[in-house]
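For the sequence shown, position 78 matches number 77 in numbering that gives the first Met the number 0, and the numbering has no gaps at all.
Simulated from the structure, these hints should not be mistaken for lab results.
Among these hints, one or two may not hold up.
What the hints assert, rightly or not - Subject to a maximum C-alpha distance of 20 angstroms in a straight line, what follows is the list of computed EDC-like cross-link-like pairs (lysine to aspartate or glutamate):
| hint | residue 1 | residue 2 |
| --- | --- | --- |
| 1 | Lys104 | Glu91 |
| 2 | Lys81 | Asp71 |
| 3 | Lys104 | Asp126 |
| 4 | Lys81 | Asp49 |
| 5 | Lys81 | Asp70 |
| 6 | Lys81 | Asp66 |
| 7 | Lys104 | Asp89 |
| 8 | Lys104 | Asp72 |
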Amino acid sequence: MSQQIRPTITNGKTGVGSFGVAVMPDGTTDSLRILITPDGFHFKAYDFDDLVLPNLSFNSPKGTKYDLSFDDDGALLINGIKYTAPTNQDNETIKGNKTYAGQTKLSGGLQLTSPNGAVFSVTVDDDGKLTTEKEVSNA
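Modelling step: build the complete structure from the supplied sequences, incorporating the hints.
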């Protein structure tokens with residue numbers, strides 16, 4: 000399917016239709032294309048081929064305004080802040096090598112797996128002493 004492009008307007012016309020307001024963006028002396036009629040809007044895809052939106056604004060149900068846009072790298076911005084998808088899902092598995100910079104806080108405990116597959120729980124006491132305890136499987 001070939002993409003249509005907006006026709007060149009020569010000797011253009013605009014006007015008001017007999018049923019109310021009508022806009023004729025590519026009207027010529029030979030034909031008029033009416034966009035707005037009593038039964039609705041009649042757009043073609045090429046009516047929007049040069050449309051550029053710097054952002055979209057939405058209101059939450061409570062009336063808070065949110066602006067959605069993109070940076071020059073194509074990253075989604077919400078109110079000008081880069082959106083980062085949350086990764087705090089329950090029972091999530093993250094694969095691959097990771098490098099963390101800054102502090103990493105773990106709540107609820109730490110488990111490490113030995114090369115042979117044994118699981119050890121790591122705890123720290125109030126003096127900073129680390130201890131490990133091998134987990135026992137009830138299988």
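For each hint, the structure was consulted:
1. Between lysine 104 and glutamate 91 the CA atoms are separated by roughly 17 angstroms; this keeps the pair inside 20 angstroms, and the hint holds.
2. At most 20 angstroms may separate the alpha-carbon atoms for a hinted pair to count; lysine 81 and aspartate 71 meet this at roughly 11 angstroms.
3. With a CA separation close to 17 angstroms, the supplied pair lysine 104 and aspartate 126 stays within the 20 angstroms bound.
4. The suggested pairing of lysine 81 with aspartate 49 is violated, with an alpha-carbon distance near 26 angstroms, which exceeds 20 angstroms.
5. The hinted pair formed by lysine 81 and aspartate 70 meets the criterion: a straight-line CA distance of about 8 angstroms does not exceed 20 angstroms.
6. Straight-line distance between C-alpha atoms of lysine 81 and aspartate 66 comes to about 12 angstroms, which keeps the hinted pair within the 20 angstroms bound.
7. Using a Cα cut-off of 20 angstroms, the hinted pair lysine 104 and aspartate 89 holds, with the two alpha carbons roughly 17 angstroms apart.
8. Simply put, lysine 104 and aspartate 72 have alpha-carbon atoms about 31 angstroms apart, too far for the 20 angstroms limit, and the pair is violated.
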